[in-house]
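Chains as they are written, first to last, in the numbering used here: chain A, 104 to 378; chain B, 41 to 346.
Calculated directly from the structure, the hints in this document are not laboratory data.
Idealized CB from N, CA, C, for every residue including glycine.
Any given hint could turn out to be false.
Over 10 Å on every C-beta distance to chain B, these chain A residues come out as not near it, computed from the model [what the hints assert, rightly or not]:
1) VAL107
2) ILE118
3) ILE123
4) ARG151
5) GLY161
6) PHE173
7) VAL235
8) HIS326
9) GLN329
10) LEU349
DEER-style ranges, computed between Cβ atoms [as the list claims (entries may be wrong)]:
11) B:ILE99 x A:GLN127: 38 to 44 Å
12) A:VAL364 x B:PRO200: 51 to 57 Å
13) B:GLY77 x A:THR297: 32 to 38 Å
So the derived list for chain A, only partly shown, Cβ under 8 Å to chain B, looks like this [claimed, not checked]:
14) MET104
15) SER112
16) LYS119
17) SER122
18) GLY170
19) ASN189
20) SER193
21) SER195
22) ARG197
23) ALA201
24) ARG205
25) ASN207
26) LEU211
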Amino acid sequence: MSDVTPLSSIRAEIIKFRSIRSSQWGMGVLLLLTVGISLLIDLGVKSRFAERPEIRLGFDPTANSMGGVFLSQLVVGVVGVMVITNEYSSGSIRTSLAAVPRRNLLVLGKVFIVTLSVFVVTEIATLVSYFVGQSIYAGTKIAARSGAGVLPAHSVIPHTSLSSPGALRAVIFAALVLTLLALCGLGLGLIVRTTAASISIYVALLLVAPILVAQLPASWSDHINQYLPLNLLNSAISQSTGLNSLSPVAAVLTLVAYAAVLIGVGTIRLNRRDA
Amino acid sequence: MIQLEHVTKKFGNNVAVNDLSFTVAPGVVTGFLGPNGSGKSTTMRMILGLDSPTKGTAIVNGKPYRQIQRPLREVGALLDAKAVHPGRSARNHLLAMAASNKIPASRVDEVLRLTGIDGVAKRKAGDFSLGMSQRLGIAGALLGDPHTLLFDEPVNGLDPEGIRWVREFFQSLAHEGRTVLVSSHLMSEMSLMATNIIVIGKGALIAQGSIDDIISAEGGGTVSVRSPRLADLIATLSAHGAHVVSSDADTASLSGITAETVGDLALTAGIALYELATHRITLEDAFMDLTRSSAEYTTSNEKSSS
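This is chain A alone, in the form it adopts within the complex (with noise of 0.2 Å):
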């Protein structure tokens, strides 16, 4: 009988994560910063609902609750790739490959312990965060303003429960794209294996290239666009499918894809390189 298992390398895995102080961090930055730049886009919300358009139009409150989630892409970027490359740089992967010789196994204790953190923290960080928002704009009066027209006297700004269509959907997508994002942060690190490289890269594929598409002819770039990662967020938690852009489930299908091919190239070199 083999003393390595899946089950015994994703203890391995537990015990890894939670034993150094980067991966607490990194999973309090990540509850912290969801919550609270949602929280101060509420914020915004609130004071400014009545009196500009632009944001009335077309609202979703469900979504605009979970804001901050559009940040905290980069952290789960961080968390993920550091899983990995923190083994290279302190030269831990050599210990861990000798008590783990099986490659597969390794990551695949390195997969689970990365979904379940990302998972479980995102997943508390964006129901916080639907909650307090959907509060927020339940309990704020807007007063209809003579000749606007628009609003019924002593309305409150348009809010979801849970129960509403499409709002448990969004709160699961929002932290299961973020948790996919960390998977391909993880790939990215077992491909490069240096931390700053791997970031890099990883930064560069969310915000550069939106930047090098739009260069693109616009009937390439509108097909390209959905689906690149800084939009996929947006189609997974949006209520209304908007033109050249994915369906909720397609977002999510794209990333497990994207998550794949990273740890399945990352898998294939672990096997095959020199530790």
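Starting from the known structure of chain A, arrange chain B on it as the hints suggest.
Okay, now just chain B, sitting in the frame of chain A:
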């Protein structure tokens, strides 16, 4: 049992290990010697499946390391004492290793005590001195109570007491019937610790065997004599195969002859001896002779003299 068969490792055009074959047998400490950059660490990494040989095979207990079912229970290794996440406590480092191989947590506390770092087990590994890190690395190697053990430069950074502990500890592990391979560039330490040695230079095998055999093969040693009739004595001894290594007014150093023969011949010839002594060459001398041509980095002084 560790077996290397015609192992070659190239990094680009640089040949780190060149057609290296050897067998490390259980029951004794085997020293793995070579100058800096001679390929010792690369060889050990290949034994552990971390680097893949360009050619040849490295086998541990009959299998390539990556196919071993119970890695930590069969093979324990200390490759680099600092290869630990600096922010993780020593105990958590070992707990993660243990969990990956279904080794109970109680064994972690056992090896912490065994290596004398149980008092600092909760401290971050990054705050450890090199000596403490070596002990942590040795603790990791012992986790699965394996039959085969590899240690890369384990005495670096240890204080004299620690070095003595490592020496006696490794010997006791070998006496229990385990295979123990220890790399070092400290000859004096190896001559105390190891029974067999493998010497490599520029990635190729230079010598392997017991330390005694290798020293004998390198000329064994010299005999020094002091006599009032030195010239007569040397003439007699030369007829019996002795070579004069050096001599002055009344003292000579000879090779190719034993002290016993010198004494007997002097008695027969009626020549008085004031002093007669055997000087064994040290492992260090033998090593220097063996590796002189293959040292990666030599000082200009050594280069001009060789």
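* Provide an ascending list of the numbers of those earlier hints which the structure does not satisfy. => Of the numbered hints given earlier, those the structure breaks are 1, 2, 3, 13, 18, 25 and 26, listed in rising order.
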